[in-house]
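So the chains spell out like this:
2 protein chains.
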Amino acid sequence: MSREVVYGRNPVRELIAAGRRRVHEVWALPELRDAPWLAPARPRPASRAELGRACGTSDHQGVVAFCDPYPYVEARDALAEGGVLVALDGAQDPRNLGAVARVCDAGGARGMVMTRRGSPGVTPAVCKTSAGAVEHILVSRVENLASFLHDAKGPARWVVGADSADGRDYREIPWSSDTIIVLGAEGAGLRPRVRSACDELVRIPMRGRVDSLNLSVAAGILVYEALRGI
Amino acid sequence: MSREVVYGRNPVRELIAAGRRRVHEVWALPELRDAPWLAPARPRPASRAELGRACGTSDHQGVVAFCDPYPYVEARDALAEGGVLVALDGAQDPRNLGAVARVCDAGGARGMVMTRRGSPGVTPAVCKTSAGAVEHILVSRVENLASFLHDAKGPARWVVGADSADGRDYREIPWSSDTIIVLGAEGAGLRPRVRSACDELVRIPMRGRVDSLNLSVAAGILVYEALRGI
Chain A
1 MSREVVYGRN PVRELIAAGR RRVHEVWALP ELRDAPWLAP ARPRPASRAE LGRACGTSDH
61 QGVVAFCDPY PYVEARDALA EGGVLVALDG AQDPRNLGAV ARVCDAGGAR GMVMTRRGSP
121 GVTPAVCKTS AGAVEHILVS RVENLASFLH DAKGPARWVV GADSADGRDY REIPWSSDTI
181 IVLGAEGAGL RPRVRSACDE LVRIPMRGRV DSLNLSVAAG ILVYEALRGI
Chain B
231 MSREVVYGRN PVRELIAAGR RRVHEVWALP ELRDAPWLAP ARPRPASRAE LGRACGTSDH
291 QGVVAFCDPY PYVEARDALA EGGVLVALDG AQDPRNLGAV ARVCDAGGAR GMVMTRRGSP
351 GVTPAVCKTS AGAVEHILVS RVENLASFLH DAKGPARWVV GADSADGRDY REIPWSSDTI
411 IVLGAEGAGL RPRVRSACDE LVRIPMRGRV DSLNLSVAAG ILVYEALRGI
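Residue numbers (my numbering), protein chains in the order written: chain A, 1 to 230; chain B, 231 to 460.
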């Protein structure tokens, strides 16, 4: 089985805490060896240069783990227990993906759905920017987002797309705790087929001059609104 | 007078559109010269290499403007007309500052207050990550944030600090449209003197395993909540 790297203190801590993927080996700077969260993983001492080579960036904060690949779930499993999901129609920036993962974890959404093509997936950089949140939420990759949404919706599950031009004000719709929130790429918005798969379009009012909120900010406002009643 | 650079398409477009600072000169790739938003500035043709040298990054998207320094406002002017302000207690990452500026613009907050020391101010990188939002909102730098808050608060103006441990749920307090929202650095939270200058502490519920939201996401949720009624 191929192995992946996870780097950075929060990501490695959450990788270990979540226990969802097997950790083969951990390398760390000698001074981190006895940190309570890391000691049980018995890290192998490594230099900054070795750590940098292992993960391809200097952003490792002294620790790199080698582990099983990210455990994506099947779409049906992401849907199985209900709850809020965030579906991303074409988000490519690892910082955005990581920040949306943090929103899901903090806000109580079950996870994220993204397309297999056009999205990088849960790369080591996404793990890092998510502060390890990806280890706790569900992430599913689908071939075709519009088809996924068509299959997923039903009497008890609502599909709500964010559309800055045409949507109803997000404060005015009846939110359900069993909702898929669909967000497009910044600037581009939702593709037509994805848009037409939505039961409802909502917009967050833009009161200024610059047109769009950062993707993770929009995700935060909508996830907290969907779960406002809990 | 010293001059600053602003780079990137949105930042330069908003710099020109806002008209708050004098633009000395604009350099652009030849193919951008006739773009409707740029043509009136009569850009001087420049190569990618020249643009990169002028702004110190390859992230210029083909356009760099030389202009007056960023027009910070005095604290009293930021307060003069009421409204919502976001005060940052120690935010250093330019991406966070830029994203909070976008939140202010989009959400209808008047602007941001930051400390002179410990914060980079509105650098070219902040202009870029704000997509030009900094040209439209007010930004004030103060020597001492706790003193500023003490001076600012009054019967009509409320100072609300975000505190993930002790605050009241943000959905439960009576928000006023004349509020200063105070956010600490990620992880560190508010410093004690800043914290004690707040009339009220609020928290955004964290329902997952990873402890804090990205700064701009927290700002987005609270700014939209403060102005929910408008």
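Honestly, the hints are just simulated from the structure, not real lab data. All C-beta atoms, glycine included, are put in the ideal place defined by N, C-alpha and C. Be aware that a few hints might be false.
[Claimed, not checked] According to the in silico footprint, chain B covers these stretches of chain A (three or more CB under 8 Å from chain B): (1) 95-103; (2) 106-112; (3) 119-133; (4) 214-220.
Now the hints, each set against the structure:
1. 95-103: Holds, because 4 residues of the region 95-103 of chain A bring their Cβ atoms closer than 8 Å to Cβ atoms of chain B.
2. 106-112: Result for this restraint: holds, n = 3.
3. 119-133: Coverage by chain B holds here, the residue count being 4 at a Cβ distance below 8 Å.
4. 214-220: holds (count 6)
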